[in-house]
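Novice: The lines below spell out each chain.
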Amino acid sequence: MVRVGSSSHFPDFGMVSLLAENGDSLLHRSDGHLKLAYLILVVVAATSLQKIEYLFGLFLLTLAAYRLGRLPTRVLLGWYLIPVSFVSAIALPFIFNEPGEPLITLGAPQVEITYGGLLLLVRLLLRTLSAVTYSFSFIMTTKYSQICAIVNRILPTPVNTVFLLAYRFSFVILEEVNSLLKAVSSRGGDLVKGLLTQTRIFSGIFAVAFVHSFDRAERIAKAMEARGFDGRIRTYTSPGRLSRRGASCLITSAAGLIAILTVG
Amino acid sequence: MAHIHLPDGALSLGWVLTWWAVYLATTSGVAYTLRRRGALDPLKISITAMATAASFAVFQVNIPVLGGIHLSLTPLVGILLGPAFGAVSVFIVNIFSAAVGHGGWGLIGANSVVNTVEASLGYFSFHILRKRLSVFSAGALATIAALTVGSLVMVCIIAASGIQGSALTMMETASNLMLLTTVNIFVAVIEGIITGFTLTYLSKLRPDFFSGSGS
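Chains as they are written, first to last, in the numbering used here: chain A, 55 to 318; chain B, 7 to 221.
With the rest of the complex left out, here is chain A:
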């Protein structure tokens, strides 16, 4: 039977939030801006590095950062499934027709897996998983208030306002959708067969989720107006300033990356 409900390959937002708010590791205590800057650096490194040994090293570093945040490793493997499936969907056809030395020959008509194609797949997997692993370290060690302060600073109005409201309420709405799905499941919704019947059931749930969301939006809009909304949502946490030690760590890492890119 196929699981009905929120997919287990997506992170549990309750857990993500709990770890971010209550964790007490070196990463949790680090400045949000520094972690964001490192996220950008990891993405640039994952995109620019070419040698497989460097990419493997980057992946190990991001895993070390994840462990430094004292974050659960087992769930991470489950969460890798979606990025790995995206990489496979894009890169899998290339392992057969990328020019290079043939490694394996399959069936008739003959299909060859080439060394170049396999290398492309492995490289892309390492690039993607490095960025994904550090991304999880970032969101699971940064408090909601810090994320709000950073978003308010870097995104333009009204994008930042929509972001802050959507982020706050995505937890609530996800819980509501899960409750609706559980209700359907408890009434035997999992057992229903037939494309049209299944799609009709899910459409009903999604429509209710949207209607409730819009009802909530109207209440929020009235509350915003009552408080004199002027186009911005104010956050009361200071995003803080990058410490001298954090800045020097970042500069050293960036210099290291530039050196690696320049040399080889």
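Mixed in with the good hints, there may be bad ones.
[As the list claims (entries may be wrong)] Listing some non-contacts, in silico: residues in chain B with all C-beta distances to chain A over 10 Å:
1) I53
2) A55
3) S140
4) V155
5) L158
6) M176
[To be verified] In silico DSS-like pairs for lysine-lysine, Cα to Cα no more than 27 Å straight-line:
7) B:K210 - A:K236
8) B:K137 - A:K276
9) B:K210 - B:K137
These aren't lab readings, by the way, just hints derived from the structure by calculation.
Backbone N, C-alpha and C define an ideal beta-carbon position, used for all residues, glycine too.
Since the structure of chain A is provided, determine the placement of chain B on it from the hints.
Specialist: Positioned in the frame of chain A, the structure of chain B alone reads:
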């Protein structure tokens, strides 16, 4: 999945920056237009935020059709919010998605270009088709058309940029991705049916969504 979110590392740094520039140029235009039109209306902002949160929540749901699929809901969001607020919504959903490993941080620009095309096309084709067809048919066809075009735009982006480290030509890259596009179109049909039903329910429960949609 009715579409694939490009992961980090798929495109070279130069192309990552190019697609970010393309998207930021569009978004800046949208943000400027929204401000000039006085669209800092609390109701529009809160509706966009709630639709964004709802679509992000719904897209995490595993639909038990054909072994389990996930919906993108970009055409539905476009139909409900209009192209301008739809563009803002898909950008934010892409940031949320990147945070949970569903698409790359570096490729938010490229992914948002694809999703904005889907949301805008969903909106315009729904309103054109609605003049002749029922809400269900217009919603389903608009969604299928939007997701099909979105899928082709994604292939064009990958073919133009090239997969990093690949020695294949643009045409070879595009032909490699045709199987993926076929699967995406097939899933788009299912998403079209679900969107059609969802819009039918919404038109009965809250007909005011349709009279006031667009921006």
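Novice: All hints, please: hold or fail.
Specialist: Do the hints match the structure? See the list:
1. I53: Answer for I53 (chain B): violated, closest chain A Cβ roughly 4 Å.
2. A55: violated, 3 Å
3. S140: holds, 15 Å
4. V155: Holds, since 19 Å exceeds 10 Å.
5. L158: Holds, since 15 Å exceeds 10 Å.
6. M176: holds, 14 Å
7. B:K210 - A:K236: Holds. K210 (chain B) to K236 (chain A) sits at ~24 Å (cutoff 27 Å).
8. B:K137 - A:K276: Given pair K137 (chain B), K276 (chain A) is violated - Cα atoms ~33 Å apart, limit 27 Å.
9. B:K210 - B:K137: holds, 17 Å
Comparing the model with each numbered hint stated earlier shows that hints 1, 2, 8 do not hold.
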